[in-house]
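Enquirer: The chain contents come next:
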Amino acid sequence: MAAGAATPAADRERGGRIRSALLTFLLVLPAGAWYLVLLIAPLAIITIFSFGVRAKNGGYAPAFVLDNYAAILGDLQKAAPFTASLSMAIGGTIGSLLIGLPLAYFIATRAGRRKGLFILLLVIPFWTSFLIRTYSWLIVLGPGSLGGFIGDLVGDDNFRILGTPVAVLIGLVYGYLPLMVFPLYVTLERMDRTLVEASKDLGAGRWATFRQVTLPIALPGLITGSILVFIPMMGEYVIPQILGYGRIYLVGNALVTDFLEARNWPAGSAKAVILIFVMLITVTFYTWFVNRGRKGREVSVL
Amino acid sequence: MSAPALAGESAVGRLASAPRRPQLDRGGIAVEVWLRVQASLVYAFLYLPIAIVVVFSFNANSLATIWTGFSVNWYPTALANSVVQNALANSFIVAIPNAILATLFGTMAALGLQRVPRRVRIVFDAVTYVSIIIPEIVIALATLVLYATGFGFIEDTFGIKLRFGHVTIIAAHMLFNTSLVLLLVRARLSGMDRTLVEASADLFATPWRTFRQITFPQLLPGIMAGFLLAFTFSFDDYVITTFTSGPGSSTLPLWVFGQVKRSVSPETNAVATIMLLFTLAMLFVGQFLLLRNSRRTQGRGGAGMAGMIAEQR
Chain R
77 MAAGAATPAA DRERGGRIRS ALLTFLLVLP AGAWYLVLLI APLAIITIFS
127 FGVRAKNGGY APAFVLDNYA AILGDLQKAA PFTASLSMAI GGTIGSLLIG
177 LPLAYFIATR AGRRKGLFIL LLVIPFWTSF LIRTYSWLIV LGPGSLGGFI
227 GDLVGDDNFR ILGTPVAVLI GLVYGYLPLM VFPLYVTLER MDRTLVEASK
277 DLGAGRWATF RQVTLPIALP GLITGSILVF IPMMGEYVIP QILGYGRIYL
327 VGNALVTDFL EARNWPAGSA KAVILIFVML ITVTFYTWFV NRGRKGREVS
377 VL
Chain Y
182 MSAPALAGES AVGRLASAPR RPQLDRGGIA VEVWLRVQAS LVYAFLYLPI
232 AIVVVFSFNA NSLATIWTGF SVNWYPTALA NSVVQNALAN SFIVAIPNAI
282 LATLFGTMAA LGLQRVPRRV RIVFDAVTYV SIIIPEIVIA LATLVLYATG
332 FGFIEDTFGI KLRFGHVTII AAHMLFNTSL VLLLVRARLS GMDRTLVEAS
382 ADLFATPWRT FRQITFPQLL PGIMAGFLLA FTFSFDDYVI TTFTSGPGSS
432 TLPLWVFGQV KRSVSPETNA VATIMLLFTL AMLFVGQFLL LRNSRRTQGR
482 GGAGMAGMIA EQR
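Line by line, the protein sequences give chains R and Y. Residue numbering for the first sequence is 77 to 378, as defined by the working numbering. Residue numbering for the second sequence is 182 to 494, as defined by the working numbering.
Hints may contain errors.
[Claimed, not checked] Residues from chain Y shown here face chain R by an in silico Cβ test under 7 Å; the list is partial:
hint, residue
1, LEU292
2, LEU458
3, THR460
I should point out that these hints are in silico values taken from the structure, not numbers from a laboratory. Here the structure is a predicted model, which means the values were calculated and not measured. For glycine and all other residues, C-beta sits at the position ideal for the given N, C-alpha and C.
All chains should be modelled from the sequences, with the hints used to inform the complete structure.
Expert: Next comes the structure, spelled out in structure tokens:
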């Protein structure tokens, strides 16, 4: 470039940079605004509300008290939805793992060229309406079908599955199983199969090979899958409402009661904040675990 | 299981003329059988309940769970129900703008995030993940509180009365969907062939032209998958919708929920079947378009939409 043109060229370059920065800003603006108004603002509001008190007619009145937290953390009765959610989510995670691991192993190692088909067959139910898949169990487990059948078997006319923790657990596993299988499949599919053969050649039995070779390799996928199912199970609302007849009272249901029925926004907000904390701790632990000892994030799905 | 063959090749005595790949012993056969039986059972477990909903939508009996005979009457009955008609219309009124805007905003953000400083990107990423991780019920109730508080404030200050309706549902759905599109398009961007962009610039194409002719076509599968996912999420969503809807803006899932809380009727099943067919059609359209476009997805097994979802989640 000629020396004389330095100033206009620099001007043009600066103009270009400003225009480029403006474009960047405009590209990110709508999504950023959405996050600000519909994610950060609501979360900020419930965090502030969680320190407040219930207004006379319901809602929120400004205050700064820790009562809402103290009530949950100090009173076993009030903490019951949390322990119920926690045990349901843990049970559901174990259930999905027991069903999902062999399936993922089957697809990764035995399905051959039909892998894509098997995965598609997992995606299809996952893609269809969660609500419909949930209520379908009302028919399956109802007194007219499986519930009544088992009732006849055990000779108890009052035998019911619906409205019990078992129904909710089935719903949870059914609803989230694919989330467990996907990451497990991805890790198992990448596994070097010669390791298994080497292990067998070295005289390890099937169980020892599974425990010492396959399982450690599948571990990142196993952890990812467990987190992916645990988190939504912990905050589940629809399944206990439908399959638990609302009798199985989890955190999600407690939140709805607080906000809409009792109209005690501060109490509900405190529960929501605690629930978010449980999620963040889980995810932080997960990130730490997956990135432990390595820089890349090849298996980090979150 | 079998005695340790530590000596390797010298274990010939036991396995006689053992081939290179060891033949299956009884335990091995058991494992093979078990893996297959288990897989079949899991697929039955996944599809049976859905199949039952479809089958019982053809039940002549008005009690959903007792089969008395075949009938297609529940479909015209359901479609003639004005409440169902309204709910169906509302579902589209909500899902279509939501999907368009979320796809637009998510794609824009994915492109913009390539150009921002690292620190901004990290913050943005963190917020994106938070929007996906936080349970739906928390987002739904927090948004409800925001709307209620915000509307109260606006009425007190400006005297304008805002109401819950389609717009409040769309805005709330867009949060999750924008994040979803953002992640899908970014996955696409990071797997993109950069040299093409450079080549295009070297050949004196303007940035806009490079975007239109090089970048955009490569991103299209991600954008399309994002659009279909956003539409389907919105079309099927119950939790966020129920807490952000107002009178007259109930969508189909809200109607279905209200029905099944009382009892499952064949009419509900018929509506559910229509919903299932519709979302499945979307999935297959996406799958078809993606497979046609999957020349570039190296090593992804050409699983199209399915692979995309499986790897994204």
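Enquirer: Next step is simple, just say for each hint if it's right about the structure.
Expert: Going through the hints against the structure:
1. LEU292: holds, 5 Å
2. LEU458: violated, 10 Å
3. THR460: Hint on THR460/Y: holds, closest Cβ of chain R at ~6 Å, below 7 Å.
Figure legend: structure checked against the earlier numbered hints; the only hint not met is number 2.
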